[in-house]
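Visitor: Each chain, letter by letter, is given below.
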Amino acid sequence: MRHLVLIKMLTAAIALFLSANCGNTVMTTPEVHAIAADRITLDPDDSVWENAPTHIAKLILQDLVEPRQMEPTTAEVRVKAITKDGQIAFRMEWSDDTLNDAPGPRKPVDAAAVQLPAVIQANAPAPQMGEQGMTVEIAYWRADWQASVNGRPDGIRALHPNASVDHHPYEAKPLENNEEARRRAELRYAPAKALGNVRSGPREVAFEDLIAEGPGTLTPAPARHTSGIGKWSDTGWAVVFVRPIPNGFSATRPTQVAFAVWEGTHGEAGSRKMRTGWINLLAK
Amino acid sequence: MARVNNWQLGREMSYWYPEARPQKQFAAVFDTNKCIACQTCTLACKTTWTSGKGQEYMLWNNVETKPYGFYPLAWDLNLLDMLGGQSWDESGERPVYTGSTIFESAPAGERVLGWRPAEEDYAYANVGEDDCAGQVDGGTSLENSHDMAWFYYMARICNHCTYPACLASCPRGSIYKRPEDGIVLVDQGRCRGYQECVRGCPYKKVFYNAMTGTSEKCIACFPKMELGIQPQCFVNCIGKIRMAGYLSTPENAREDNPLDYLIHIKKVALPLFPQFGLEPNVYYIPPVHVPTSFTGQMFGPGVAKAIETYRSAATDADLAGLLGLFGSSERVMTRWRRIGETITGLDDDGNVLVSVPLREPVHIRQAFDPVQQVTRMNCT
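Going down the list, the protein sequences come from chains A and B.
For the first sequence, this note's numbering assigns the number 4 to the initial residue and increments by one for each residue that follows.
For the second sequence, this note's numbering assigns the number -11 to the initial residue and increments by one for each residue that follows.
Worth flagging that the hints you see were computed from the coordinates, not collected in a lab.
Glycine included, each C-beta is placed from N, C-alpha and C at the ideal position.
Honestly, I wouldn't trust all of these hints.
Listed next, the stretches of chain A that the computed footprint assigns to chain B, with coverage defined by at least 3 CB atoms under 8 Å from CB atoms of chain B [said to hold, decoys possible]:
#1 49 to 55
#2 135 to 141
#3 158 to 165
#4 192 to 201
#5 215 to 221
#6 259 to 273
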């Protein structure tokens, strides 16, 4: 019995040594280092990320505009970045023990964003959404869009299998063989979609490209250019954002980057979010 | 916050934006005493506007049975509880609200005092609200489930408020109030679905659509109103409880404007929860059979007087005549007049839209039909 206890203690000591040793191998940097990689990946589980150093970005409250984030929630986000052939990829990873990817009333979804100045300059725009005349570019990802891209059908029964649906006029028999008429009928009851609001489903990508010149000015960017994948596990989210390298960004010309996380369980959406200030982004 | 005048409160109050009243204000009067909760209004709206994906549980117009009917669940009780004491000083010529509005009670970091209903709060509209609460065995008598020998039906749409909380709540200005008619709309191209308006609206008349990712609400059928035609829920009302039009401020009230007459001059129609501070523009003739201790909280301090006035309609030809215009035309009657026994609804240019008699003629049909040699029952 005594031997068994000794063996257990020894095993525990070895495990502790190994885990501490492995922890030391995670290279952290005070800035975000975008390292030149041999390939760009959309996948947060790709081995290419193993060579990139981690920046641990502490998240702080959005405290500039009402409604404000009054209670701290997500504490930090672990960031890696790689570049290749004019593209830059950011990998954000944060702890989240609840999956919120089904939207609904009082059910905001998990989300994240990467923000960059539109123009690299000595004086960066205001870190919270930029300022007038100093635009920021924002790549935004949402868990419900990811679920849609991953194959979840676009309809209330995908969210609530027992939901009662009386009748959708565009599913009427006379429109069955007329796709154009059916599409027009559907748009009559979906004004946001009819107006081209990119929030409307179904989604082909889980990302949205936006620009802003201050709080409340968020607008779709002229072109869509961000792609990637978000994956949830028991420990939280890992999301890869791939977008063009900021114009002029190089080893001798750094820029800044900022991050934001919305935790659905805590009702975070819009200005209710945890965010960082500007963090230096260096090309390595 | 700016200081604005809210005449329903009898005082100034704080609001997120400065006072900017529209050129004219869409408004309505609902006579609760005539509503039978047939839900024709609900279906008229539903089939016209909310039959799309994500709108399955969305009712821009609903009718609920008070005191225990809600859509969404406890929409009024929750906020009344959060708001705390709501008292009025009735010692002066006009009552003055001495409590706090939802704007004045906004917690730190918030734009208004609000809350968000859960998904299931929308899931059971009307289910059970007219039913008894327990099993009634054969041979036993039914006891009223809430020990109150009264209930009434509340038809509700967006109030197109003068000081909309949905508009104040939106951090990106996606909601606007039309300067030409005061109708409040969500810009579906700009909305990003944060649900702040859902949280902020005390009447819970903005709804999140999970399929479009935006919030949607009653639009007062503005394409119809622009043509001088009343909204769908008005023209389809078989109880003829509703009248839509435009309301002046009290100091500009005109006797020949139907809504001004009912709201400002006769004061027979009252706002819904004026103490919230939004200056809502759908006005209710309160139910005559309900204790004013209940309706006083819901419609403000003028309830007892409004009921007294309403009961006097039998001897008030103007009031009775104007109430007879309800549901008599699909057109928006911005003016009215009574000449003798005839009441007429007119448009802004003085064109006659409809005329109704003060008293409908009574035809008495004898039970026995001598032509067919049969005795008829009332239903044959």
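Visitor: Flag every earlier hint the structure violates by its number, smallest first.
Guide: 1 and 2
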